[in-house]
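Q: Put together the whole structure using the sequences plus the hints.
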Amino acid sequence: MAKELVEFRNLETHFKTSAGTVKAVNDVSFSIREGETLCVVGESGCGKSVTAMSLMQLIESPPGKIVGGEIMFEGKDLLKLSKKDMSRLRGNDIAMIFQEPMSSLNPVFTIGKQIAEPLLHHLGMTHKEAKARVIELITMVGIPRPEKIYDSYPHELSGGMRQRIMIAIALSCNPKLLIADEPTTALDVTIQAQILDLMRDIKSKLNTSIMMITHDLGVVAEMADFVVVMYAGKVIEEAPVLELFKNPQHPYTQGLLKAKPIINQRKERLYSIPGQVPNPVNLGDSCHFHDRCEFCMEICKVKTPPLRAHADGHKTACWLYEEEGKSNERNVGSVGTTAE
Amino acid sequence: MSETSVQSEQQRNSGSGSLQPLVQVENLKKYFPIMGGVFQRKVGDVKAVDGVSFTINKGESFGLVGESGCGKSTIGRTLLRLNDKTEGSVHFEGKDLHALSKSELRHMRTKMQIVFQDPFSSLNPRIKVGEAIGEALLDHGLVSRKDLKDRVIETMKICGLADYHYDRFPHEFSGGQRQRIGIARALIMDPEFIVADEPVSALDVSIQAQIINLMSDLQREKQLTYLFISHDLSVVEHLCNRVGVMYLGTMMEMAPTDELFSNPLHPYTKALMSAIPVPDPTLKRERIVLQGDIPSPANPPSGCKFHTRCPMASDICKEQVPEYRNMGNEHFVACHFA
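Chains H and Z are the protein sequences, given in the same order.
Each residue of the first sequence is one higher than the one before, starting from 1 at the first, in this note's numbering.
Each residue of the second sequence is one higher than the one before, starting from 1 at the first, in this note's numbering.
Bear in mind the hints are in silico, worked out from the structure with no lab data behind them.
Think of the CB as a built atom: it goes at the ideal place given N, C-alpha and C, for glycine as much as any other residue.
Among the clues, some could well be false.
Claimed, not checked - Below, a sample of chain Z positions facing chain H; criterion: calculated Cβ distance under 7 Å:
id : residue
1  : Ala209
2  : His238
3  : Ala275
A: Here it is as structure tokens:
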């Protein structure tokens, strides 16, 4: 197995609100290995973006604060770095692309200028060198006529082109880790297919690690080597992609897989998870999924299940798989999504 | 699987068995003017909908799919006369909707309702949810003030809301619940026809399934007719009897759902289907990746509008608009090579 590039250790990011403390990231641990694509999947409010923002240290404070844990990047704890060291790392070793390509580009600067900025800033290139590299980057992300695009403004480009530009900016300094926060959610499917192709291409060429945040299990199946499933601020399951889809263990993961309509597999009725995501304010000790879970037991309501490995590389946080919940185990098989 | 597909087959046949047209759209065109120059004169048109014809039968759900800017939402709005048309006609129960007088139209409106995509911006934040749901009923004088609350609560329960939600404000609800409110608002009028414009696109997967199931239950119980607009082919496949695929204001292909998904004829439909990521990591598919972006509807390509991105395009596609023709099995397609 490849070397670990990033390791989250018991990360805690909390937000203070007038209603109480929101534990947006609550004791999260997982690692990203070199050259691997890791997908973090979950519904809105599960803490997947906050985890990425904590890694970049872009959490707005107040109201947010990283209150505990460590984020190891190549053996160094990012949370202990000075502001200056962190900003040297950001955009250089770790780069990020966002969901909304329009609002993440500055409308008053040309595309060329925006791609060149990290080159001048981080790599100390001259303007001439930077321009040559920018043209090269624009070509690499598959946009024709790079010289013309160099002098264009963001509003002159379509959504897919803007996302390509964002990728070019992110790749400009050859980052070791690329964080992509819902990079294709705002795009049409045919454009999404182009962008996913491009990202796969880049990964195989540059061997960059990718941390991809998404809510779309289809995108996960297509892109991921390893998957982390989050719910209400916690990692509830993690596994290599083939294992997760073949043998999902947590009832939430099983539900998610069953709830998605799949093309050419029409069902009479979609499975739906009842209820909704709990209010994140002041969540106590319990499995946060317990009130939506069809296998809920007494222990689920009072005690948080630990995230433990039950198969090779496959971890689950669910009482059904623990000693304390063994009495209910008989039912587990019946929720499997894959036909035996 | 086979058992359920047989069931759905029966259900779908019973849905379209009577084949009584409810909505007939003929050669509908909707152009939006582009203003420009010093005097803000009209300098061109955005051809949002450019000559589309289809029929929706009673009890059927008709799906319209396409990417952003293809005109699917404009069709939905023009169908309800929320927009005026530029050309063509829309008949509802045999009456030309765009020729009705104001009062006739107002009367007709109770039979046609719409559910919007964004449950956050389509509710007034200062109006209690119960009042918002009952508003139209009262306005049309279809209920006395005394009975209003009972009717509203009854509808709320059908849509999976509780009676204590009546006095709450929209900000107290989650996205899925707000979409239920949107559906309750449409449903309380006891309509025959509902236009659902991307009703589940803004929702999370687990909530999306709840709303899709609610909509198909309601259709069965109340014999509703849907025009279901979506960019998501898998949702449309699940919910609709017939599907139309649009591109740049033109209908490219239209067929019964099973026929369309098992035998897509238009290269655009094929590309659209192959572009959807399938949640199965073991699947290796030959993907058709379309090059380039969707052209501007203000200046659409000549001939077949899809020729600039089509992997099969040849000279004839640049010059001649392909005829929209029936290939049998109610399968219509506009392509020179189909």
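Q: Under 7 Å is the threshold here; is the Cβ of Ala209 (chain Z) close enough to any Cβ of chain H for the hint to stand?
A: 4 Å, holds
Q: Under 7 Å, Cβ to Cβ, is where Ala275 (chain Z) needs to be relative to chain H, so tell me if that hint holds or is violated.
A: At 4 Å from the nearest chain H Cβ, Ala275 (chain Z) passes the 7 Å test, so the hint holds.
Q: Go through the hint on His238 (chain Z) and say holds or violated, using the shortest Cβ distance to chain H against 7 Å.
A: 4 Å, holds
Hint compliance for this structure: no hint is broken.
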